[in-house]
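There are 2 protein chains.
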Amino acid sequence: MVDIATRVWNHKWKIDPIVRSLIDTDFYKLLMCQSVFRNKPDTQVTFSLINRSKSIRLADQIDEGELREQLDHVRSLSLTRGESTWMRGNTFYGKRSMFSPEFMDWFETLRLPPYHLKKHDGQYELTFEGSWPEVMLWEIPALSILMELRGRAVLSTMGRFELQVLYARAMTKLWEKVEKLRSLDQLRVADFGTRRRHSFLWQEWAVRALREGLGDSFTGTSNCFIAKSNDVEAIGTNAHELPMVYSALAKDDAMLARAPYDVLSDWQDEHSGNLRIILPDTYGTQGFLDNAPDWLAGWTGIRVDSGDPATAAEVAIKWWKDRGEDPRDKLVIFSDGLDVDKIVQLHKQFQGRTRVSFGWGTMLTNDFKGLTPGDTLAPFSLVCKAVSANGSPTVKLSDNPNKAMGPKSEIARYKRVFGVGEQERVEVVV
Amino acid sequence: MVDIATRVWNHKWKIDPIVRSLIDTDFYKLLMCQSVFRNKPDTQVTFSLINRSKSIRLADQIDEGELREQLDHVRSLSLTRGESTWMRGNTFYGKRSMFSPEFMDWFETLRLPPYHLKKHDGQYELTFEGSWPEVMLWEIPALSILMELRGRAVLSTMGRFELQVLYARAMTKLWEKVEKLRSLDQLRVADFGTRRRHSFLWQEWAVRALREGLGDSFTGTSNCFIAKSNDVEAIGTNAHELPMVYSALAKDDAMLARAPYDVLSDWQDEHSGNLRIILPDTYGTQGFLDNAPDWLAGWTGIRVDSGDPATAAEVAIKWWKDRGEDPRDKLVIFSDGLDVDKIVQLHKQFQGRTRVSFGWGTMLTNDFKGLTPGDTLAPFSLVCKAVSANGSPTVKLSDNPNKAMGPKSEIARYKRVFGVGEQERVEVVV
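Those protein sequences? They're chains H and Y, same order as listed. Be aware that the first sequence starts at 37, since it is given in this note's numbering, and climbs by one per residue. Be aware that the second sequence starts at 37, since it is given in this note's numbering, and climbs by one per residue.
Treat the hints with caution; some may be incorrect.
For chains that are exact copies, the list does not tell them apart, and a pair is met inside one copy or across any two.
Here are the simulated DSSO-like pairs of lysine-lysine, each with C-alpha atoms no more than 30 angstroms apart in a straight line [said to hold, decoys possible]: (1) K90 with K378; (2) K264 with K209; (3) K90 with K357; (4) K451 with K131; (5) K444 with K209; (6) K354 with K451; (7) K216 with K384; (8) K405 with K216; (9) K405 with K444; (10) K264 with K155; (11) K405 with K209; (12) K405 with K287; (13) K444 with K384; (14) K378 with K209; (15) K216 with K287.
Hints are computed from structural coordinates only; laboratory data are not their basis.
Pulled out of the complex, with its shape left as it was, chain H reads as follows:
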């Protein structure tokens, strides 16, 4: 068992990289990468870092040299023999050979493409350009590097005992959450916290704590490296970047209106069962479901990632009923801004009406809120998104306008095409 406080104290930063492996990333990134590799390998995309928490001036807190060192280290990584064996031989959701030999041959030789970094107004402008299947793999390492470097900058000002007590408090806090969740019957919760984790070691501790404390109610982690080394299930499906890029590639409004369904049509060709999860909120959940082809209602479930989660789940249940499906056979995955109280509340509200699962992110792997004077370790909202594809800007509307992205004129066009009206704003904390 790792004594995290001591490890942090002893850090030889240069020999203890933040990202330790090419699969120290979310499982759904690898799934999507394979899909993109098969369907849109030549698409040129740009991914960009976006700090939604403007008050956190990352460029003032994080040394540029250290940041470059960590980013350069990621570019030096390639798939190890053991990692390849794990990807080729593992069972995911009960299915073998999730990754095709063609994809694995390519992935084994992959190195991540160059990055572009400069400072502007206290923030880092960090962008990645190149072919989609390569560039997309930067998202998670870039985020976890920036999150951990910001944490390290704070930790480096602390004494040895302060550090040990800090982690004692964080462990106590997390374990109290575990004890609250323990009482829930038939709970299903997974770790989705790689991108905004406090640190690699802390995420691993959190995963082990959930495994020990929740038993079968803990269904796995999105982090492939942690899943592999701790022998737990890797968990994930798909994300907004697929409809965002497909939509940006659409040549006219008719193609745009169809793009989100094209994504899932391609996905359906590749995956079954628990991987057939709809992410409906990219351009508004209600419109997406209203206009959805009937075959989509046959999919396993829906992931709720913005807006009011209970409302979205009610919309999904009603939609399934309208399409002649039994919601009790369906799966609703909540994954937006969860913490333990919201998990308890949603579990109580939907248990028995549909199958429910939770993808618990930042407040699992980075809840250091209130643990330092001045709250210098409180998590914040950092994302890394596809901002253009083959020269066209991407757009996200979301069910929460505070999560929307893209040029104003394009947002207006997308709202018109997808029939999105007034939306309720919800504060984005993490």
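Use these hints to put chain Y onto chain H, whose structure you have.
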């Protein structure tokens, strides 16, 4: 830095003894041992374990074989070369050669005498008989062995994560106490918690936490082994066993009445400054001070170890004033049942009126109260006392009848001789 949870988990009990050294004991035991070695070397005494917390059935919780193994281990210990060097060469309260060459020559060859152990009604009857300077050294190891074995019995039922979270909680709890004490101006606090510590490792952690958190307000530890290995001051003066044994040896009432002052007369010949601390409560503080010879008022301070501490300190201040001394030059050491709130309160009440110092014991080194289901690790009140000297029973009255000891008829006689009337009962928790 030690990861205590892991160490506890990994314990190879047989190679990780509870008492690690002959000086893993309280400094005042060594001081008193030297005094006894010089003044009463041939006195035959019996020391006996007394569990004041009857509901804790130690013989049901602690395996007799393990207990014997730990006690036997203590008998195998002798002073190491480094320990001897530390005792001979160290400065205590600014004075060199605190321990005489004659005492050190004897102490270097010492092994502790045999013990007698049997079970009765769920408790252990553990006694030590022999010459006073040898037997007296059993007190602290015997107590710390029983306390830690009881803790280990509880810990051995816990899982690895439960252990890590337990210590995380205990660290958090202790650090919150440190943070409360930090705000006090001119605080002076020392660790007096060896005898009823949760474990050796935990006591050492507590000492380091005080050192880091309190800086100069932390004045040292009573534990010589921890003082030596952590380069902090060893702290202590004298205890009830001196007047108790001197009194038991008194041949008549007149000699009995004089005995507690004879102790201090012998002590005065050997020690000056911060070691001239009166412990007045053995047979009632008020009577002791009323009848005290004038030279005692010249001593440095008074240790308050039973009854209501504020009352006892007021009695001492009044006594000094009556004897023409300025209380602001004097030292009051509080050492009974302290925890952080009481320390804060007493500090506020007496700061500026007299010099104040705190000897913080069980609630520093063993506050696991409320940290396990059923409160199975809450500290309890275990003592090991001289019960007879040269065949006569010892007596302690204390300022709290719940701490009194001795045969009924002798207690009545002592009350008469020392003029002790009605006393207020105070619950003894630790």
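Results of checking the hints against the structure:
For the identical chains of this complex, K90 and K378 are intra-copy neighbours only, at 26 angstroms inside a copy versus 46 angstroms across copies, given an alpha-carbon limit of 30 angstroms. For a Cα distance limit of 30 angstroms, the shortest separation of K264 from K209 inside one copy, 26 angstroms, qualifies, whereas the shortest one across copies, 35 angstroms, does not. Within a single copy, K90 and K357 get their C-alpha atoms no closer than 42 angstroms, and across copies no closer than 65 angstroms, so neither meets the 30 angstroms cut-off. Taking identical chains as interchangeable, the C-alpha atoms of K451 and K131 are never at most 30 angstroms apart, the minima being 38 angstroms within one chain and 84 angstroms between chains.
Taking the closest pair of Cα atoms, K444 and K209 never come within 30 angstroms of each other, the shortest separation being 42 angstroms inside a single copy and 52 angstroms across copies. Taking the closest pair of Cα atoms, K354 and K451 come within 30 angstroms of each other only inside a single copy of the chain (23 angstroms); across copies the shortest separation is 85 angstroms, beyond that limit. Taking the shortest alpha-carbon separations for K216 and K384, only the intra-copy value of 13 angstroms comes in at or below 30 angstroms, while the best inter-copy value is 40 angstroms. For the identical chains of this complex, K405 and K216 are neighbours both inside a copy (18 angstroms) and across copies (21 angstroms), given an alpha-carbon limit of 30 angstroms.
Taking the shortest alpha-carbon separations for K405 and K444, neither the intra-copy value of 34 angstroms nor the inter-copy value of 59 angstroms comes in at or below 30 angstroms. For the identical chains of this complex, K264 and K155 are neighbours neither inside a copy (36 angstroms) nor across copies (52 angstroms), given an alpha-carbon limit of 30 angstroms. In the homo-oligomer, the alpha carbons of K405 and K209 lie at most 30 angstroms apart both inside one protomer (10 angstroms) and across protomers (18 angstroms), since each shortest distance falls under that limit. Within a single copy, K405 and K287 get their C-alpha atoms no closer than 46 angstroms, and across copies no closer than 68 angstroms, so neither meets the 30 angstroms cut-off.
Within a single copy, K444 and K384 get their C-alpha atoms no closer than 39 angstroms, and across copies no closer than 63 angstroms, so neither meets the 30 angstroms cut-off. Taking CA atoms no more than 30 angstroms apart as the test, K378 paired with K209 passes in both settings, with 16 angstroms inside one copy and 27 angstroms between copies. In the homo-oligomer, the alpha carbons of K216 and K287 never lie at most 30 angstroms apart, since the shortest distance is 50 angstroms inside one protomer and 66 angstroms across protomers.
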